[in-house]
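J.: For reference, the chains in residue letters:
Number of protein chains: 2
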Amino acid sequence: MSQAITPSQLRAQIRSGQHQGHTSGWCNGYVQCNVAILPKAWADEFLQFCQLNPKPCPVVAMAANPGDTHIPEIGPDFDIRSDVPKYRIWRNGELVEEVSDISDVWQDDLVTFLLGCSFSFEEALLADGLEVRNISEDVNVPMYNTNISCKPAGRFHGNTVVSMRPFKPADAIRMIQICSRFPSVHGAPIHFGDPAAIGIADIHRTDYGDAVSIKEGEVPVFTACGVTPQAAIAAAKPEFCITHSPGCMVVSDIPNSKLAIF
Amino acid sequence: MSQAITPSQLRAQIRSGQHQGHTSGWCNGYVQCNVAILPKAWADEFLQFCQLNPKPCPVVAMAANPGDTHIPEIGPDFDIRSDVPKYRIWRNGELVEEVSDISDVWQDDLVTFLLGCSFSFEEALLADGLEVRNISEDVNVPMYNTNISCKPAGRFHGNTVVSMRPFKPADAIRMIQICSRFPSVHGAPIHFGDPAAIGIADIHRTDYGDAVSIKEGEVPVFTACGVTPQAAIAAAKPEFCITHSPGCMVVSDIPNSKLAIF
Numbered sequence: 000m001s002q003a004i005t006p007s008q009l010r011a012q013i014r015s016g017q018h019q020g021h022t023s024g025w026c027n028g029y030v031q032c033n034v035a036i037l038p039k040a041w042a043d044e045f046l047q048f049c050q051l052n053p054k055p056c057p058v059v060a061m062a063a064n065p066g067d068t069h070i071p072e073i074g075p076d077f078d079i080r081s082d083v084p085k086y087r088i089w090r091n092g093e094l095v096e097e098v099s100d101i102s103d104v105w106q107d108d109l110v111t112f113l114l115g116c117s118f119s120f121e122e123a124l125l126a127d128g129l130e131v132r133n134i135s136e137d138v139n140v141p142m143y144n145t146n147i148s149c150k151p152a153g154r155f156h157g158n159t160v161v162s163m164r165p166f167k168p169a170d171a172i173r174m175i176q177i178c179s180r181f182p183s184v185h186g187a188p189i190h191f192g193d194p195a196a197i198g199i200a201d202i203h204r205t206d207y208g209d210a211v212s213i214k215e216g217e218v219p220v221f222t223a224c225g226v227t228p229q230a231a232i233a234a235a236k237p238e239f240c241i242t243h244s245p246g247c248m249v250v251s252d253i254p255n256s257k258l259a260i261f
Numbered sequence: 000m001s002q003a004i005t006p007s008q009l010r011a012q013i014r015s016g017q018h019q020g021h022t023s024g025w026c027n028g029y030v031q032c033n034v035a036i037l038p039k040a041w042a043d044e045f046l047q048f049c050q051l052n053p054k055p056c057p058v059v060a061m062a063a064n065p066g067d068t069h070i071p072e073i074g075p076d077f078d079i080r081s082d083v084p085k086y087r088i089w090r091n092g093e094l095v096e097e098v099s100d101i102s103d104v105w106q107d108d109l110v111t112f113l114l115g116c117s118f119s120f121e122e123a124l125l126a127d128g129l130e131v132r133n134i135s136e137d138v139n140v141p142m143y144n145t146n147i148s149c150k151p152a153g154r155f156h157g158n159t160v161v162s163m164r165p166f167k168p169a170d171a172i173r174m175i176q177i178c179s180r181f182p183s184v185h186g187a188p189i190h191f192g193d194p195a196a197i198g199i200a201d202i203h204r205t206d207y208g209d210a211v212s213i214k215e216g217e218v219p220v221f222t223a224c225g226v227t228p229q230a231a232i233a234a235a236k237p238e239f240c241i242t243h244s245p246g247c248m249v250v251s252d253i254p255n256s257k258l259a260i261f
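So the sequence lines, in the order shown, correspond to chains B and X. Start counting the first sequence at 0; every next residue gets the next number (numbering that gives the first Met the number 0). Start counting the second sequence at 0; every next residue gets the next number (numbering that gives the first Met the number 0).
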C-alpha cells in the first residue's frame, strides 16, 4: 500500500520524479499545503493580505528569508524547488508553464508561502463518520466566487472564494464544531443555506471544481477556500510568481492533529 | 442597582420573601438552574433519563442523598426548601399548587436535581455581541415539541422539546461555536432551518413560551430545552414531585465560566 509511506519518503519520490500528479489521499494524517511563491517586492503585501484574511489565507509556514528554499517546519529535507509534483509559473498574471521542478527559474528574491488546505479538516470529518460529498462522489470540491470582500492589502484584493459541502443540519452543526478546531485550515464555515445571500447565483454551476449532488434535507455549507489568495494573485498580476498546480500540494511532516487548537 | 447583588444575597432575599418572582436578569455571570424534586422511588430512573439525554437534561448538581436540603456546590447557605422564588407542586401529574416555600411538604425521600438552563449560554451570546431575539423582544423564548425521541429510562420517556433563536447563518455558526463550549447548559444546537424536519408544523405557533420575529435572511436555530425533562415527568405522573415555576430558578454561586469546557 504505497499511500502509507511517510511524507519524507513521498517528497523524495516527488523530488526524483518517481511520483507525479496529485497528492490527495497520500500520507493521511499529515498537513498538505497550498503554495504561493512571490518576489520580495510583492511578498510583504501578500503576507499582510493573508494576515487580514486568515480564513481563506491561513499561513501554515513561510520561508524565513527571501531566496530560502528550505522551510524546516515542513521537513528537514524539504526543498521548495523540487518537492511539489507540479508547479504553475505565472508572468504578469498569465499562466505560462507547468513544470515539475523550478530550480532553473529560482530567484534569490522569491518568498515561499505555504497555506493550509481543506484536506486536513476533511480527514477530521471523515474520521468522525461524516460523509464528505466531493470525496464520496470522487470529484474536486465545488468552489464558487462570492460577494464577500476580502480586506485589501496593497495590490492584493478581491472577493472570497468558498468551497461547498452539503450536510443535513445536525451534521452541519457537528462539521462546524470539528472545523472550528482547525483555524489554520480555513476554520469554521462562513455561511450555510441560501447561496444567493453570498452572491452565488446557481449552486449547480461552480466557478472552480465540480458540482456535487445536494440531497433532500441537506443544506450547502460554505467554507473559505484557498483559491481566494490564488485569485487575488491572478488579479494583482505580479511580473512573476509560482503556485502549485491544483491538487499537487506540499506534503509536510506536520501531523494534522498539531493544527487542532483543542 | 439591585441586580448587582451576589447570589448568596439574592437567595437570602428569596428565603425571606423579599424577592418574589423571576430570577432572569439577576446575578449575571452566575449559573441558574431548573429544579426537579422527585421521590427516591422515581429518582434513579430520572437520573438515568438525564444521563441518556444530556443535551435536554444536563445535571449541574444533585442532592447527595434523599432528603438532603443542602447542595454545597450551589452555595454554602443554599436550602432547596426556601431558595426558589416560586415552586410548583404536582400530584399524579397534576399541578396542584404554586408556593414560595416547600418546608411543610418536604419529605425525607425527596431527591433534588438541578439542571442547566439557557441563561448561561444566552449571556455568553450577548457578551459576544450577538442578538438574542427573545431578550431583545423581552418575551419568553419560543419552545416547541419535536419528533426527536429521547432515550427512555424506566417510566420516563418522551420527545425532545427545543427552544428556538433566529440568527443570520454567519451568526448561527458563531452561536454554535459558543454554545459548544457549554455542554452542561444544553450545548450546541441540535437543528437549524426547516422546522418540519423535526416535526414542528408552524414556527409561528409555539408549544411553550412566546413566538419571536424571524427576519429576512435569518434561520431558526433549535436547541434542546429544559422543558424536556419537565414534560417527561408530567407524562410519567409520579404521585408527588416539585419543580420550579417557569423563570423562577435556583441562583447558584457557580460562575458561568466554570461550565465552559474550553
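The hints are simulated quantities; they were obtained by calculation from the structure and are not laboratory data. Incorrect hints may appear among the rest.
With a Cα cut of at most 35 Å, we get these calculated DSBU-like pairs of lysine-lysine [to be verified]:
(1) B:85 to B:257
(2) B:167 to X:39
(3) B:257 to X:167
(4) B:167 to X:214
Only a predicted model underlies this, so the values are computations on that prediction, with no experimental measurement involved.
J.: Output the numbers, in ascending order, of every earlier hint that fails for this structure.
T.: 2
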